[in-house]
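Participant: So the protein lines, in turn, are chains A and B.
According to this note's numbering, the stretch in the first sequence is residues 1 to 265, in order.
According to this note's numbering, the stretch in the second sequence is residues 1 to 263, in order.
Everything labelled a hint here was simulated from the structure, so no lab data went into it.
For each residue, glycine too, the CB sits at the ideal point set by N, CA and C.
A few of these clues could be false.
Unchecked claim - Stretch-level coverage of chain B by chain A, calculated; a stretch enters the list once three of its residues show a Cβ under 8 angstroms from a Cβ in chain A:
{"hint": "1", "segment": "179-187"}
{"hint": "2", "segment": "198-207"}
{"hint": "3", "segment": "224-230"}
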Amino acid sequence: MTNRRYGVVDTHTHIGVHPRVYLPIKDADGLVQRMDALGIAISFFTHTTLISDYTDKLALKETNEALDKYSGRLYTYVTYDARYSEGSIRYVRSRIGKRGIIGIKIHPSFNEISADDERFRPIWELAERKGIVILSHSWDISERNPVQKLSYPSLFTKYLKEYKSANLILGHGGGKLEGCLAAVKICQEFPNVYVDLSGDCYTPGRIEYLIKYIGENRILFGSDCNWIDQRTQIGMILSRKFKEKTYEKILFRNARRLFRNVLLK
Amino acid sequence: MLRLHDLRKEFLSSLRRFDFFDANCWVGNADFLDGKKDIGIHELKKYLGEDIKEALISNKRAVDYSPIGGNKELAKMIKWQKGFFGTAVLLPVSTKEMGDIEEYLNWMQRNKLVAVRIFPKKHSFSISSGGIEEVLLRLSQRNIPLILWNTEVDMDEIEDICINFPNLPLILEMGDAKIIYNMRDCYNMLERYDNFYIGMEGLVTAYLIEDIVGRFGAKHIIFGSGFPSQDLHALAMLITHGEFDEGTKRLLAGGNIRRLLGL
Numbered sequence: 001m002t003n004r005r006y007g008v009v010d011t012h013t014h015i016g017v018h019p020r021v022y023l024p025i026k027d028a029d030g031l032v033q034r035m036d037a038l039g040i041a042i043s044f045f046t047h048t049t050l051i052s053d054y055t056d057k058l059a060l061k062e063t064n065e066a067l068d069k070y071s072g073r074l075y076t077y078v079t080y081d082a083r084y085s086e087g088s089i090r091y092v093r094s095r096i097g098k099r100g101i102i103g104i105k106i107h108p109s110f111n112e113i114s115a116d117d118e119r120f121r122p123i124w125e126l127a128e129r130k131g132i133v134i135l136s137h138s139w140d141i142s143e144r145n146p147v148q149k150l151s152y153p154s155l156f157t158k159y160l161k162e163y164k165s166a167n168l169i170l171g172h173g174g175g176k177l178e179g180c181l182a183a184v185k186i187c188q189e190f191p192n193v194y195v196d197l198s199g200d201c202y203t204p205g206r207i208e209y210l211i212k213y214i215g216e217n218r219i220l221f222g223s224d225c226n227w228i229d230q231r232t233q234i235g236m237i238l239s240r241k242f243k244e245k246t247y248e249k250i251l252f253r254n255a256r257r258l259f260r261n262v263l264l265k
Numbered sequence: 001m002l003r004l005h006d007l008r009k010e011f012l013s014s015l016r017r018f019d020f021f022d023a024n025c026w027v028g029n030a031d032f033l034d035g036k037k038d039i040g041i042h043e044l045k046k047y048l049g050e051d052i053k054e055a056l057i058s059n060k061r062a063v064d065y066s067p068i069g070g071n072k073e074l075a076k077m078i079k080w081q082k083g084f085f086g087t088a089v090l091l092p093v094s095t096k097e098m099g100d101i102e103e104y105l106n107w108m109q110r111n112k113l114v115a116v117r118i119f120p121k122k123h124s125f126s127i128s129s130g131g132i133e134e135v136l137l138r139l140s141q142r143n144i145p146l147i148l149w150n151t152e153v154d155m156d157e158i159e160d161i162c163i164n165f166p167n168l169p170l171i172l173e174m175g176d177a178k179i180i181y182n183m184r185d186c187y188n189m190l191e192r193y194d195n196f197y198i199g200m201e202g203l204v205t206a207y208l209i210e211d212i213v214g215r216f217g218a219k220h221i222i223f224g225s226g227f228p229s230q231d232l233h234a235l236a237m238l239i240t241h242g243e244f245d246e247g248t249k250r251l252l253a254g255g256n257i258r259r260l261l262g263l
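With the hints as constraints, model all of the structure from the sequences given.
Facilitator: Structure below.
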């Protein structure tokens with residue numbers, strides 16, 4: 001589809017399975033096959049199991065094997081679990097700077113701990129000190145899934161005010177409607193906050209709205225593959241009438257700029 | 001080097017090539033990021049653009065306020081719109097809100113309302129009650145497809161319908177919760193019941209469409225965007241750039257729903 005020479009960067013993907021959902025693409029081989037089919041040069045992934053258990057040996061092995069086999073194509077976020085903050089921060093510190101590590105992933109909803117809880121503080125200190133990007137799950141408040149409220153965009157305000165130079169990506173851009181509006185408010189207040197387009201958030205006019213209210217330089221292409229198919233976001237992006245440079249910014253230039261310190265290594 | 005603009009042109013022209021039919025779009029009030037809007041036929045036509053000429057339309061008012069009133073309003077809206085068809089929201093016969101069911105179905109079909117939706121939870125009735133069984137029987141006799149949301153019925157209830165009414169095409173769509181969590185049951189249904197279909201809105205897991213088509217063939221997948229809650233281009237690219245031959249793409253894009261509706 002796209003030309004790999006473009007260097008399209010998918011900033012939000014997964015490998016691994018989850019017991020609740022059937023996923024036809026399960027591993028790094030499958031992810032890279034889809035990347036090759038669609039002309040995506042690089043993906044940043046998190047192993048789904050590590051979001052729930054950062055010590056899982058099989059998931060760690062699969063992650064390391066993926067980084068070895070697909071060096072330069074796949075990078076990984078090291079996950080921080082706020083439920084086990086002492087052990088987890090030690091682990092995260094040990095991984096920062098290692099080959100293939102692109103940033104830190106947090107998931108307040110999976111952890112069942114609010115994004116503004118004190119147990120997330122160590123990550124913000126580290127992110128600011130080391131210049132590491134944090135990718136966090138962010139979503140709407142949901143009656144059907146009450147833990148989603150723990151990742152509501154406004155909850156990140158507390159740490160964004162204190163750690164002004166730490167870069168944060170609001171994964172899924174806050175979710176569908178209310179969450180997306182909240183994410184936009186956060187981005188307007190804090191210039192170091194980005195949104196990605198990952199997840200099943202296909203509200204018509206979404207991308208135009210984001211560009212209008214936060215600008216085209218802080219929107220990142222992300223898919224949430226293997227949960228979500230990359231073609232859905234690519235279809236949404238390409239269907240809009242933008243200038244060539246806008247497509248480029250969303251699909252790869254913004255990510256390459258944000259992650260330049262790591263990608264160049 | 002291929003420009004992204006060229007990819008855009010190629011993608012949009014492929015929408016025309018595969019003759020899409022959007023089987024799941026809605027009129028009525030809708031929430032967008034820049035506020036609430038009332039989507040009418042003109043807005044819908046503008047949204048579908050030059051690329052998609054046919055659609056199966058549903059009326060939010062029939063779900064949220066008045067099934068009978070909403071059906072009547074929709075019939076009026078689509079009457080002179082070539083290529084636009086509608087769904088009617090039905091109720092159990094017990095309270096006679098639709099009058100005589102045969103007459104109501106006749107009225108529906110005269111007015112291009114070619115498929116039916118029911119909402120047992122939103123409209124407070126049991127899907128296994130005699131009152132709705134009567135409706136299902138009549139739909140089955142006329143081969144009128146029934147569309148159900150995954151949040152309105154349990155999979156057991158869906159399976160019962162497929163067993164008891166084997167001539168009734170049943171399309172399961174994503175309602176107010178992600179349908180990707182129903183896939184294990186859906187695969188079981190696809191394997192066993194020729195009258196079971198899945199609406200594409202929500203079938204967005206990576207490579208899921210190829211997986212379903214590979215195992216069960218293409219005929220049970222119905223393209224429908226869910227507009228205005230979803231942009232159709234997000235789903236359409238799963239077909240235009242799917243790993244299928246042209247014939248399969250045409251079936252997915254619109255051939256399947258046209259066959260079901262007898263168009």
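Participant: Could you run down the list of hints and mark each one as holding or not?
Facilitator: Hints, verified against the model:
1. Note: the segment 179-187 of chain B has 5 residues with beta-carbon separation from chain A under 8 angstroms; the three-residue rule is met and the coverage holds.
2. Closer than 8 angstroms: that is the beta-carbon criterion, and the segment 198-207 of chain B has 5 residues meeting it against chain A, so the requirement of 3 holds.
3. Coverage of the segment 224-230 of chain B by chain A holds. Counting CB-CB distances below 8 angstroms, 4 residues qualify, and the rule asks for three or more.
Hint check: no violations occur; every hint is consistent with the structure.
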